[in-house]
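Visitor: Each chain is listed here by its residues.
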Amino acid sequence: MAIKFEQVNYEYIGVDGTKFKAIDDINVEISDKGEFITLIGETGSGKSTLVQHMNALIKPTSGDVTVYGIKINKDFKKTKKIKLNPLRQKVGLVFQFPDYQLFEETVERDIIFGPKNFGVSDQEAKKRAKKIINLVGLNESYLERSPFNLSGGEKKRVSIAGILAMEPDILVLDEPTSGLDPKGRDALLELFMSIHKELNNTVIIITHDMNTVYKYASRVLVMNQAALVYDGSPIDLFTKEHIEDWNLDLPEIIEISNNLEKKLNIKLPSMARNIDELFEMLKEVIL
Amino acid sequence: MNIIEIKDLSFSYVEDTPVLKHINLEVEKGEWVSVLGHNGSGKSTLSKLIIGLLKADEGEIYVDGILLDEESVQEIRRKIGIVFQNPDNQFVGVTVEDDIAFGMENLCFEREDMVTRIKEYAEKVKMSEYLKKEPHNLSGGQKQRVAIAGILAMNTDIIIFDEATSMLDPKGRDSIMEYIEELNNQGVTVITITHDMKEAVHSDKIIVLKDGEVIASGKTTDILNDKEKLNASNLELLLPLKLLYKMEEENIDNQDVKDLLWQLSLNK
Amino acid sequence: MKNIIIGQYVPGNSFLYKTDPRSKIIALIILMVATFILKDILQILVLLSIVLVVLKVGGIEIGRVAKGLRPIMILLMFTFTFQILFVKTGNELYSEPITISYYNLLMAVGIALFWYFTKRFIKFKILYFLFIVTSIIALFTLYSPGSVITTSIIEIYTGGITGAFFIMIRLVIIVTMSTILTLTTKPTDLTLGLEQLLKPLSIIKISSEELALIISIALRYIPTLLDEANKIMLAQASRGVDFSEGKLKDKVMQIISLLVPMFIISFKRSDELANAMEARNFVPGEKRTRLHVLRWTMIDTSVIIFGVFILAASITIVVI
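Chains as they are written, first to last, in our numbering: chain A, 7 to 293; chain B, 93 to 360; chain C, 5 to 324.
Among the hints, a few may not be true.
Stated by the list, open to error - Simulated pairs of lysine to aspartate or glutamate, EDC-like, Cα-Cα distance not exceeding 16 Å:
#, chain 1, residue 1, chain 2, residue 2
1, B, LYS263, A, ASP255
2, B, LYS147, C, ASP254
3, B, LYS290, A, GLU48
4, B, LYS225, B, ASP180
5, B, LYS350, A, ASP180
6, A, LYS83, C, ASP275
7, B, LYS334, A, GLU286
8, A, LYS269, B, ASP351
9, A, LYS289, B, ASP348
10, A, LYS269, B, ASP348
11, B, LYS140, C, ASP275
12, A, LYS86, C, GLU249
13, A, LYS189, B, ASP288
14, C, LYS235, A, ASP180
15, A, LYS122, C, GLU282
16, C, LYS190, B, GLU226
17, A, LYS86, C, ASP246
18, A, LYS122, C, ASP275
19, B, LYS263, A, GLU48
20, B, LYS290, A, ASP255
21, B, LYS338, A, ASP180
22, B, LYS338, A, GLU286
Bear in mind the hints are in silico, worked out from the structure with no lab data behind them.
Can you make the complete structure from the sequences, with help from the hints?
Guide: Here is the structure:
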């Protein structure tokens, strides 16, 4: 198990002296082979805090987080042999706003920054950058440009390229498609899916978009008020659980299917996975 | 009566790369118009051009009959308020009440007047309990509501929402859209600039931009029926609408289903 | 979300909190002048006790003021030592020759470094410092093997001792009075007060209103900036930047990886904020009305009179 959370809590003291619990008694295991996980929950439910434990950016206030064999808890002290920094190459975390990380003079230098920090040679890193810039949907001419002259969507792709270039085994993305228009969103999600399929690595995406969850995830983690309230398949989540309690919406396909069934008094044979399936089922029933 | 008229508007940041080409747009008093376009369609420069933050290369802008130029720009800014995309980068005041007051202070309102209005409009946007709060303690949706209050307090009755919900979470987005609906019902002229069709269908009229040009313009229901133009727009269509189009393509004639899908497309 | 207290403002309701920031600022300046006029240690002790009475009546905890003194601790200690060792007025108390050689100079440097790295573990920092200084002097006096660099005499006079205490108390008074100001006045009120007081600057074409607006916008963004700085640090740490270690060259790169994003974000923010302000009819230089106004009351007049009285008394005592 690459990442293991055991009774993990993280709390801090606000300025008025009150204790605030960001995550509460989390128990979860994540492997680095083949998982495509979406982490969902309303704003403030603890998602960002949770993922920042996965690459050892923060230490729990109680409980243990074990990442690739290194046990991290509130008493963790780094030694010569055991350091946390190398973990960040294995668990790559992309933050929501590219402005927080872009800083080099050219896109190429920014992309190779990460890998070089982990000991990759300049030559090898540049090779990776060339490959990855195409992967994220930008052509090679972007490598020489300044990252600051790019559009929001382009910056997003460069920041993702910077983490991909580190070749992490687990890729964690905090709302990677926010601010992108629907076409941009789909392109990026398809990219993550294709990388996931090719490398059989694990991808964890924090998102508010239920359609993304339904279309791509094989496993969903739901956070509500600092607790992990669901860990299972998307279809079960959307058909069996009371997600309104957690302030979540249904994916559009499911919502429309439900509406069609209710208002037209029909029963669809099964829950459609995409619009084509839904259309075929609808045709069957009404014709 | 057209409260905003844009005639033949063209604009480019860099010579020879026009961002807007010969745009024509009319907004009637009390209407809700959506300017719908993909990222890069030029829609983001529109609001800045309308209030004179950017100067057009060609064309004319009329607000309430007044032509926008160097002399009239302050008057026009009094008639139109803009809620921008980033809730944090338009919040000037140290507290909520300071921010609501900012516009009024610029217009030299009397102090007692400001105090009354702050109370009144904070109440309207449901932020009365937050008057002394500082922005870093507010959510994105709350900050946008403060921005709206500040605009209403200046007696402005045309508001442009320039991608005002794109940085908000779904809850924030819904609350703002609900509030915009309320505002429009009370007679405020609303222009929403967005790439989200789900938001655009709430409005009376839609103008579709693609690569700097208007490719479709008209009543929302007419636009939704214009399959060709919508498919060419580079926009993500609504799911019920896609189903409707598929039915039409395959000549399936079930009227009940079609009506239902149509209702769902309009998000009612 | 973490919250940060800006400045040192601590809420309260003594008379200090009911005063207009303008009167507090003016009183502070007047009392600072008085502090610098006084020459005698007895006089300065009287002023110190007056300040302590103000603290008590104003309901301010001594503990908070002591915290305000921490930053200047080192300055106090060095000035104190300097005065004792080098001021030669009054009666001689102690006189011994010292010899500095290469060997004991090296040892002295070693002792100083030892102090630097261990001082955080010691509770009574002032005493520890004095102990170290005494050890070094003892070293130079008693043990000087090897080739000699120079010889000198350490002389301590009564004037040095009183001078040391005098300067120390003067610094304490000044810092305490400033701390009282920031403890009892909200940053926004302070800005408002300064804006009013600096109005005369318009003569040299500096607009105090614009200055005040700049300061209040900066204040408004401090929590936001701190939050962003933290997020940027986390984002760069996720790319392998290890902020806990690194040679000088690495440290420079670490700082750049933090500063560049902060600057870029700030530029973008300024642009967007300026647009938003202009959209709301802001025109720099034009007249504006204000939501918050300052009210001058009897308390403020009394505070000013009090300050002037102290100043007058100080001048009288010094002249006579």
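Visitor: Are the hints correct? Go through all of them and say.
Guide: Checked hints:
About 10 Å separates the Cα atoms of LYS263 of chain B and ASP255 of chain A, which keeps this hinted pair within 16 Å; it holds. Annotation: proposed proximity of LYS147 of chain B to ASP254 of chain C is violated, straight-line Cα distance about 46 Å (limit 16 Å). Between LYS290 of chain B and GLU48 of chain A the alpha-carbon distance is near 20 Å, which puts this suggested pair outside the 16 Å criterion. Under the criterion of a C-alpha separation no larger than 16 Å, the hint pairing LYS225 of chain B with ASP180 of chain B is consistent with the structure, at around 14 Å.
The hinted pair formed by LYS350 of chain B and ASP180 of chain A fails the criterion: a straight-line CA distance of about 39 Å is larger than 16 Å. As the CA atoms of LYS83 of chain A and ASP275 of chain C are separated by approximately 44 Å, the hinted pair breaks the 16 Å bound. Simply put, LYS334 of chain B and GLU286 of chain A have alpha-carbon atoms about 13 Å apart, close enough for the 16 Å limit, and the pair holds. Between LYS269 of chain A and ASP351 of chain B the alpha-carbon distance is near 11 Å, which keeps this suggested pair within the 16 Å criterion.
Taken as a hint, the LYS289 of chain A and ASP348 of chain B pair is honoured in the structure, with Cα atoms around 13 Å apart against an allowance of 16 Å. Distance hint between LYS269 of chain A and ASP348 of chain B is fulfilled; the C-alpha atoms sit about 9 Å from each other, no more than 16 Å. Our distance criterion of 16 Å between C-alpha atoms is met by LYS140 of chain B and ASP275 of chain C, whose separation comes to about 12 Å. The straight-line distance between the Cα atoms of LYS86 of chain A and GLU249 of chain C is roughly 12 Å, inside the 16 Å bound, and the hint therefore holds.
Of the supplied pair hints, the one linking LYS189 of chain A and ASP288 of chain B holds, its CA atoms being roughly 11 Å apart against a limit of 16 Å. For the given pair, LYS235 of chain C sits about 13 Å from ASP180 of chain A by alpha-carbon distance, which is consistent with the 16 Å threshold. Pair hint LYS122 of chain A plus GLU282 of chain C does not hold up; C-alpha atoms about 44 Å apart against a cutoff of 16 Å. Distance check on the hinted pair: LYS190 of chain C and GLU226 of chain B sit about 13 Å apart at the alpha-carbon level, within 16 Å; holds.
Among the hinted pairs, LYS86 of chain A with ASP246 of chain C is consistent with the structure: their alpha-carbon atoms are about 14 Å apart, no more than 16 Å. A hinted pair counts as satisfied when its Cα atoms are at most 16 Å apart, and LYS122 of chain A with ASP275 of chain C does not qualify at roughly 34 Å. For the suggested pair LYS263 of chain B and GLU48 of chain A, the alpha carbons sit about 8 Å apart, so the restraint of at most 16 Å is met. A distance of roughly 15 Å separates the Cα atoms of LYS290 of chain B and ASP255 of chain A; the hinted pair therefore holds under the 16 Å criterion.
Among the hinted pairs, LYS338 of chain B with ASP180 of chain A is inconsistent with the structure: their alpha-carbon atoms are about 35 Å apart, more than 16 Å. For a cut-off of 16 Å, the pair hint linking LYS338 of chain B to GLU286 of chain A stands: about 10 Å separates their Cα positions.
In this structure, the hints that do not hold are numbers 2, 3, 5, 6, 15, 18 and 21, in rising order.
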